[in-house]
Amino acid sequence: GAVVSQHPSWVICKSGTSVKIECRSLDFQATTMFWYRQFPKQSLMLMATSNEGSKATYEQGVEKDKFLINHASLTLSTLTVTSAHPEDSSFYICSAREGHPNTEAFFGQGTRLTVV
Amino acid sequence: QKEVEQNSGPLSVPEGAIASLNCTYSDRGSQSFFWYRQYSGKSPELIMFIYSNGDKEDGRFTAQLNKASQYVSLLIRDSQPSDSATYLCAVIVGGKLIFGQGTELSVKP
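Residue numbers (the numbering used here), protein chains in the order written: chain R, 1027 to 1142; chain U, 383 to 491.
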């Protein structure tokens, strides 16, 4: 299957600072990338969908000014958590899809964010 | 009604038994259905996808889709302790991959 690389795999930051997470498709062009958040014992909650070259579409309840998503190229999307607070601590996972909307998406390894 | 629903479990089966995982979805227009396995602290990994009504088999796994009933299931034959994980049903709704809450499976030796 296709490879999606997410970096970093874990990060600890101080409250009030910003953290950037990168998601790269290594061997395909990702026309669409998805960002999910997962709290312990819960399922993946879609935060936003981004298409290359256009603004991300955020799910209801997700603050677009707090979770900045950039999908500037067909192989890279970034999620920046701005002014992080302890309640933002979570497992963030990206996935990427090439082509048709009904095809499978490939997942990155996830990023464990801890805000102290 | 949630877009994708699963029994949260936990589901416990003995080693060698068949594990049956179920999922229902609300959007009749959905065409693509996926089963992912997720180990604790890890990202989901794709087990199977199914697009057409009926059964699709891959090794010990069989996915079943019934679009009329808006129901998709995953059967795991000859369950092994290493199959113990959370199984996530996912459906493409409006181009977005939406997950159910997951079913925790425990296979006892």
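Any given hint might turn out to be false.
[As the list claims (entries may be wrong)] To give an idea of the chain R side of the interface with chain U (calculated C-beta under 8 Å), a few residues:
(1) Leu-1070
(2) Pro-1112
(3) Glu-1130
No wet-lab data here; the hints were simulated from the structure. Quick reminder that beta carbons are idealized off the backbone N, C-alpha and C, glycines included.
Going down the list of hints, with the structure as the test:
no., hint, in the structure
1, Leu-1070, "holds, 5 Å"
2, Pro-1112, "violated, 19 Å"
3, Glu-1130, "holds, 6 Å"
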